[in-house]
Amino acid sequence: MSSAKEDIHQVVLRYCRGVDRGDLALVRSAYHPDGIDHHTGFDGTVGEFITWLAAKIAVFEGTMHLVGNHMVSVKDHRAVSEAYGIAVHWGNPADDPSVNFSCGVRFIDRMERRDKGWAIIERWASREWTRSEVGTFVAKGAPGPSGSRDDTDPLHVAMEWL
Amino acid sequence: MSSAKEDIHQVVLRYCRGVDRGDLALVRSAYHPDGIDHHTGFDGTVGEFITWLAAKIAVFEGTMHLVGNHMVSVKDHRAVSEAYGIAVHWGNPADDPSVNFSCGVRFIDRMERRDKGWAIIERWASREWTRSEVGTFVAKGAPGPSGSRDDTDPLHVAMEWL
Amino acid sequence: MSSAKEDIHQVVLRYCRGVDRGDLALVRSAYHPDGIDHHTGFDGTVGEFITWLAAKIAVFEGTMHLVGNHMVSVKDHRAVSEAYGIAVHWGNPADDPSVNFSCGVRFIDRMERRDKGWAIIERWASREWTRSEVGTFVAKGAPGPSGSRDDTDPLHVAMEWL
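Chains as they are written, first to last, in this note's numbering: chain A, 1231 to 1392; chain B, 1231 to 1392; chain C, 1231 to 1392.
Bound-form chain A, shown alone:
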């Protein structure tokens, strides 16, 4: 994989980790300062997006943005990136479909390489399908590791060791 493609891949992954761990600085780092975002229910600058996202994150107990297929077309310092994702959202009350749903999304990004590296200048979070998860989520059945948005998350515990 070319260095550009790998760098662009990391931008996409940073966004997902940032949202899921509630790390807004990490989300912001995926965009150039003049970046623009188009989401379901949102259109605006990255600054406005971060504000919107912070409020969204607060209404969910947790989210998971899994991405797969990633195709990138690079032309000099510009690129178009498409990443397929499934985003799972859960929250309270459990019977509220606005906080318990999964969706298929394609993150379609115009990216540019500037002094600080590759980042998004315009993103379309294209919503492909939406599935209600009301009545489907259940307890996991036994104790074990689970995620959070604070420093008790297993990722942060593991990173301490490094």
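All clues stand as given, with none of them false.
Reference listing, derived: stretches of chain B covered by chain A, where coverage requires no fewer than 3 residues with Cβ under 8 Å from a Cβ of chain A:
1. 1234-1248
2. 1288-1298
3. 1361-1367
4. 1371-1381
Using 25 Å as the maximum straight-line C-alpha spacing, the simulated DSS-like pairs for lysine-lysine come out as follows:
5. B/Lys1235 <-> C/Lys1235
6. A/Lys1305 <-> B/Lys1346
7. B/Lys1286 <-> C/Lys1370
8. A/Lys1370 <-> C/Lys1286
9. C/Lys1235 <-> A/Lys1346
10. B/Lys1235 <-> B/Lys1305
None of these hints come from the bench; they were simulated from the model.
Using N, Cα and C, we set each Cβ at its ideal position, and we do this for glycine too.
For this one, chain A is given, so just place chains B and C on it according to the hints.
What follows is chains B and C alone, placed relative to chain A:
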């Protein structure tokens, strides 16, 4: 990643993009002209497969073929590729399970490198599980970007800029 | 991608293939001999984990561990790896939620490179969400390739050719 593995990865991704965007030429490009495909409900040559697929695509409003794990074993100009996927299908009427389902699939491919590069000579689309989505899909709740099979798709809009 | 990251990616994929194909030696190869695993309902050494896993696998008809986002931080011979996954489990009876469920998992691994290469020294399988699949799985509707845990699996058939 070796160049062969990366090239083979692109073959798998081209197939998915081709199906989901309704770009049959792109799907066809993933196979050598004498390629063979084994799908749920289909066995035949790539030419026959494209005909079968065109009819299938027409009955769905949309599809999303997300792939993850990709393991490749390369031996000279031959390779075996396995890619895990989740394929989501939606269509009308919404209560028809034959056009509203998700499935787990493993794309297991014999690939060969010829003059025009790596492509599939035989594919098994191994169906692991199938889930009805009748009664689960819901509207996305607010306006925003969404996919299509024509040139209004956000991918094509972004590519114009490149 | 650096060689370390690619090697670490293969460790994660070997684990998934090993579990899904019932190849416990392949699962074991993802860990160093003194490795430790933390799962929902399990904490112990890799040896104990393999025993626990063998019993778990036996109660399911099949499983599919699809992974996407993979972020790795490498420092010399040590690394922290995070891979996002969706694990689908199916079994009998079909109305038993303990053998028919999907879950979101993050595999968070401390890895070390030793003489035999990179492998896990400690894994947290962080369970993010769990969804019952009772009443959702359906027959696939037509004949076609499907997976197994024996040498009839399409992967093994394809590998014979290589």
